[in-house]
Structures are given as C-alpha cells and as structure tokens.
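Please take these sequences and the hints and turn them into a complete structure.
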Amino acid sequence: MAMRELVRRPGRALLTMIAVALATAMLTALVAIADTGRTRVLNQITHGGALAGISVVAAAPNPGQEGLDNPTAGPSRTLTAAALRAMSTIPDVTTVVPILQAGVIVIPPARLPAGSSFCQPARACTTEASPTSPSPPTYGTNVVGVNLGRAESLPITLLAGKYPAADSGTEVDVTTDYLSRLGLRQGSADEVIGSDVELGAFRVLARNFRIGLRWSTVEIVGVVNQQVGSGQFLAYPGLVASDSRWTAGGRANGDSDAPLSPYIGALVEADQLSHVGAVRSRIAAIGYSSSAPEDLIVSVEKYLHVIELILTAIGVVALAIAALGIANALLAAVRERRREIGVMKAIGARDRDVLRTFLVEAGVLGLVGGIAGTVIGIVIFIGIGDIANTYLTSQGLRGVPITLTWNIPVGAVVGAVVVSVLAGTVPARQASRLSAREAVGG
Amino acid sequence: MTGPAVVVTGLSHSYASREGVLHVFEDVNFVIESGSYVSLMGRSGSGKSTLLALLGGLEAPQSGRVTVDGTDVGSLRGNELADYRRKSVGFVFQHFGLLEAFTALENVELALTLSGVALGIRRRRATELLGDVGLVGRLSHRPYEMSGGERQRVAIARAIANEPSLILADEPTGNLDVEAAETVADLLASLRSERGCTVLVVTHNPTMAAHADIHLALDQGGLTEVEAPT
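In the order they appear, the protein sequences are chains A and B.
Just so you know, this note's numbering puts 436 at position 436 of the first sequence, and the rest follows in order with no gaps.
Just so you know, this note's numbering puts 1015 at position 15 of the second sequence, and the rest follows in order with no gaps.
Just so you know, these hints were derived from the structure itself, not from any lab.
Just so you know, even glycine gets a beta-carbon here, dropped at the ideal spot from N, CA and C.
Just so you know, not all the hints are guaranteed correct.
As the list claims (entries may be wrong) - The following label-pair restraints were derived from C-beta to C-beta distances:
id, chain 1, residue 1, chain 2, residue 2, range
1, A, R338, B, D1083, 18 to 26 Å
2, A, R8, B, E1194, 33 to 41 Å
3, A, H305, B, A1118, 47 to 55 Å
To be verified - Stretch-level coverage of chain B by chain A, calculated; a stretch enters the list once three of its residues show a Cβ under 8 Å from a Cβ in chain A:
id, segment
4, 1049-1057
5, 1102-1115
6, 1158-1170
What the hints assert, rightly or not - To give a feel for the contact side, a few chain B residues facing chain A, derived at Cβ under 7 Å:
id, residue
7, N1079
8, A1082
9, R1086
10, F1091
11, G1097
Below is the structure:
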C-alpha cells in the first residue's frame, strides 16, 4: 500500500527523494573525503609505512630517552641475524623486515638521457661515440636491500616504473637523488628506466690497502622515494648481501671499517598501534635503539577524528533537513487521507496497521533517496579526487589513492533509511490515532 | 441466526459545538431482529450517521448500551474494536470509501488482508465477490476508471468479504443516478435474502426504502417507527 501511495503522488515523492538523495550524497562525499584525507595524512607521517611500524637501528638504546618518538641512538652495535630472530619472537610483533646496506662505486651510463642538464646541446647525448659526450663523474653511494615484496607497509613510494622482480640480483630501483646526479628532474624519471648502470663493490686487498672492485651491471626498473636507508639504489637483500660479503672480506686484510654484518637496521611491525610501546621496550631489552611516531600518530588521529566528526555532523544535518521534508510530506499526506484512513479503520484496520503503512512509506523514501544519493556522493568523491590528483601531479607530487571502504556507502544508505523512518514517526502516529469516525463524516 | 441482531437501550449522544452542547439524540431504544432490512430516515443533522457510527463501533456511546450479536460494542477498546469492525460489521459509505491507489480487486482484498487471509485464498475470494456483484470485468480497474454505481458495488463486495452479520449503509445511493441506485438497492436487498445479513440503511431514496421491512425515523432526538415512504 505504501508503494502505491508513493506512485499515486509521484511529484511529491520525487521531490522528497531528491532531498534525501542530495543530503545522502553530501554525507557520503564528506565522510569519504575525510577518510581518504586521514589515510593520506597518516601515510605522510609514516612515509608510506605501517601505522604500527617501528624503525630499529644498529645502535644501542640511549638511556633516558625511552618512550620518545625519535630518540637519539646510543653507540653503534652490530645488528645480527640472531638479534633479528629474537625480535621476531616478541609478542605482538607481526613482521620483522631486515634492512641491508652495502657501499658501492657507481659508474653512470655512458649515454645520458637527452633531458639531462649535462647534455649541452642535447644532441651531444644522442650521438654515438661522440668524443665530446658529457657524463657525470664516478661516485660512491649505498645500495639498500629490503624485501620489496612488503613494500606497501614500508616507507617506500614508487614514483615511476616498478619494483625489482622478487629476489632479483640484476634489477634495482633508484631514488630521485640519482636523477639529480644525472642532471635530471623528478619529472624525467621515465628516462632512466630500462638503462644499465655499473655498480662496484669494493674491498681492501692484502696489506697494502689497495682497493679491489667487483663490478656488476644492473638494470634500473623503477624510481622511488624511500626512508629505509641512505643510498641511491634499492634492491632485494640478496644483491646487497653479496656485495656486503665481498666488502666484509677486507676485514681479514686489515680493513677495520669493513662491516661485521650486512644489516643496518630493521622495520618491525606491531599488530596494533597500542602495542608499539611495549614492543619497543622489548627491542631495547634485546639491546637496540628504535623509533616510531606513535605519539605523533595518536595525537594526529585524535585531531583527524574530530575533523571526521565535524564533517559527518555536517552531512547528518543535511540529512536531518531532508528528514524534515519527509515529515512535512507525510503530514500533508495524513491530512489529505483522513477519510481514507478512517475507512481503513472502519473495515477493521488496527492502529498499528495504519502506523506501519506510513512508516513503510517513509522508509521507502529514505531507501530510494539514500541509494541514489550514495551513488551521487561516490561520483562526487571520485570527481574531486581526480581533480585533486591532477593538481598534485602537475606540482610533481604523488597523488592520493581514491579508495572507498564498504562501510561508508552502506552506512549512508542505512542512515538515510533510519533517519527517514524516524522522521515519519510523528505523521505515522498521528495517522494511527485518527478516529474511524472520519470515514463517515456528517 | 435467530434472535435480535441489534439491541439499543437508553442511547444518548451529544457534541460540543461553538453554540454549546448539541444533543443529537436522547434515550433512544430499539431492537432489530436478525435478518431484518431496516431503513433509517431523518432530516440532515438528525444524527443518522452518528447512530450508524455508534452501531458500527466507529464511535463510543456516551451513555446507553449498544449490543450487536450479543457484543456490548461500547465496552470494546483498541484492537477488540478493530476486530469487531472487521468481523461483525460491513460498511457501505455514500462516498464509496475506496482506496484510489488500489484496483477493484485490491480494494476487496484489503478487507481480507486485514483478517490475515493468505494471498491465494483472498485473491480467489475477492474475485468471487466481485463476480457476485457483476464486476468480473473490472478487477484491474482503479476507482477513477469506474462509474459511481460500479464503485459502490465494489464497496459492497468489500463490505461482505469477511461475512459480517450486520451491514451498515450510509446513503449508499446518494451519489448515484436512478439506474445505478436501483442496482445497488437490489444488491443490498439480496444480502439479506441470500446471505442472511441484517441490513440497516440510511437513505432518502424511496426505492432503497421500499426493500425495508421496518422504517425508522430520527427526529428531534428521538427514534420512531414510521410507515414506508411513498
């Protein structure tokens, strides 16, 4: 009966549904934008890593600085595989990702990309075997090794290309510092992808301190920003461990600076933010310093929560205004249908039958308007995201991932129905209390 | 059923108005035997519709007692009253009282739906009833697609859907032309003869009144039996 009455007055029903749809659209879009903004802000704090991520360094903890987000590390201490195993057994730890690092000598490619500032004129970089072809000098940097299969929870951001293939010993990613070395801007990242570069792991030879180099040619497959270690190259641990072992061999030849361990640190992830403090204490007990932006994250989350609440409240207010429209429309319907309601009661309808009819009408208005509004809200959210990403990209910044969790659209529709039914309560009760005498008149 | 269908004793009713208290009728007493056809006449404002409303449980008597098939209507409340109206009484209104959003079939089904009859059974029963009133070709038509006489026949079909013992009709031919009025009058008369219903009709229509066994008139607050109108 409710559906029939709505169809009977399509104009009124449509206007009411549009009001609900617009309110729901606003609520959906605002909540989605707030949710995405929250993710983006927290992502910035953790540099793309996990919220409950902890950075461990190869240094002893500094007494008196426990509990600080970024304590000053104590004296250096070799990070061993045994220590990493011990960390993995700490309760509430989900993963331990070791970070390796090895020093290398870099010979830049013989032919630079045409966009390089070294190329004057640009043609000089495209001519085969030109005696005047410019090139940046050979230099030293580090190769950082980490399990890139877990890149999504590490402070690594892929700017162009891809990550090296799993356990590859010949593929690397480079940082934007490498681009600068070649005289390229960040926007020219694609120009280095696919190019080869010579990396030389060095070792002290014999007792005359001559340096031996072991060369390997690697292919650049991507450009990243990374906060994992200090180095212009990023690769899987296998490649780095190999270079590190070669270099460590110099210790036997008197190189006291040769590393005792390839590990410079680790990224430990706790199962939840509230357990980060306890995990850090256990790491300190094992003998290593750690840092984590837990206090900052907690503070920022509180502020973000307030912002989310405010934006949600704005959307709810809009929905409440639409609900007033539903109440008004149904009150008008009750006035128009007094005799009809009286007849229903005269033929035996109970008060609750009449109540249910009007509540269902309100619910249908909320459901149809809520679904339409949610769809519109999602379109608005995606549209705003596209505009924002276009701007960010034009400024050389990384865009914002446009993702929507299922609870937002479901919550919007459910909210629209609930608010609509609540709005219909007063007119429904008024209708149910009408006297059956209305049927007879006179 | 034998014995009295309706017993009214000491019934009085009044309304508050701007001019003060309006006494509609005072100390009305009458008995209607089961299976009777009674016409009720009176001037406009004499309380005919009010009396119908009191018998049908649409309004509670302020004083006196109304008993229908042994049930003290005045003592019923809430759902009991709704149940009484659904099972014991069938209403036919001057304005037809059909729901405009429903088809003829759905209007008749509504009475059965309120009684909790299953879909298949109520659809079949409603179809039969509409066939009984000669509207088998109008099942899917809405009220605005039907003439006044057809609408009133749908209303009659709805009124008898739950097989009530008492039919209360308030000026059922008031909005109908002569031909339609005769059809409706004959139909209501057949309810008494074929279904054994007790019928009480408020009417100014002589054709309608001619079918009645007993003729009552409300005048100046009192109810009297009168001769059949000519």
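**Asked** At a Cβ distance under 8 Å, does chain A reach at least three residues of the segment 1158-1170 of chain B?
**Response** Check passed, 4 qualifying residues.
**Request:** Kindly confirm whether 47 to 55 Å is satisfied by the beta carbon distance between H305 of chain A and A1118 of chain B.
**Result:** holds, 52 Å
**Prompt:** So the hint says 33 to 41 Å: do the beta-carbon atoms of R8 of chain A and E1194 of chain B match that?
**Reply:** The hint (33 to 41 Å, Cβ to Cβ) holds, given that R8 of chain A and E1194 of chain B are roughly 35 Å apart.
**Asked** Should the hint that A1082 of chain B touches chain A count as held when the rule is a Cβ pair under 7 Å?
**Response** holds, 4 Å
**Prompt:** Taking 7 Å as the limit, does the beta-carbon of G1097 of chain B come near enough to a beta-carbon in chain A?
**Reply:** Holds: closest Cβ of chain A sits about 4 Å from G1097 of chain B, inside 7 Å.
**Message:** For the restraint on N1079 of chain B, tell me whether the closest CB of chain A is nearer than 7 Å.
**Reply:** At about 5 Å, which falls below the 7 Å cut-off, the nearest Cβ of chain A leaves the hint on N1079 of chain B intact, so it holds.
**Prompt:** Close enough to count: is the Cβ of F1091 of chain B nearer than 7 Å to one in chain A?
**Reply:** For F1091 of chain B, the interface hint holds, since the closest Cβ of chain A sits about 5 Å away, which is under 7 Å.
**Prompt:** How does the coverage statement for the segment 1049-1057 of chain B fare against chain A, requiring three or more residues with Cβ below 8 Å from a Cβ of that chain?
**Reply:** Since three or more residues must qualify, the claim that chain A covers the segment 1049-1057 of chain B holds, with 6 doing so at under 8 Å.
**Request:** For R338 of chain A and D1083 of chain B, compare the CB-CB distance with the range 18 to 26 Å and indicate the outcome.
**Result:** holds, 23 Å
**Request:** Report holds or violated for the interface hint on R1086 of chain B, using the least CB-CB distance to chain A and a cut-off of 7 Å.
**Result:** holds, 2 Å
**Item:** Three-residue Cβ test at 8 Å for the coverage of the segment 1102-1115 of chain B by chain A
**Value:** With 5 residues in contact (Cβ-Cβ under 8 Å with chain A), the coverage given for the segment 1102-1115 of chain B holds.
Hint violations for this structure: none, all hints satisfied.
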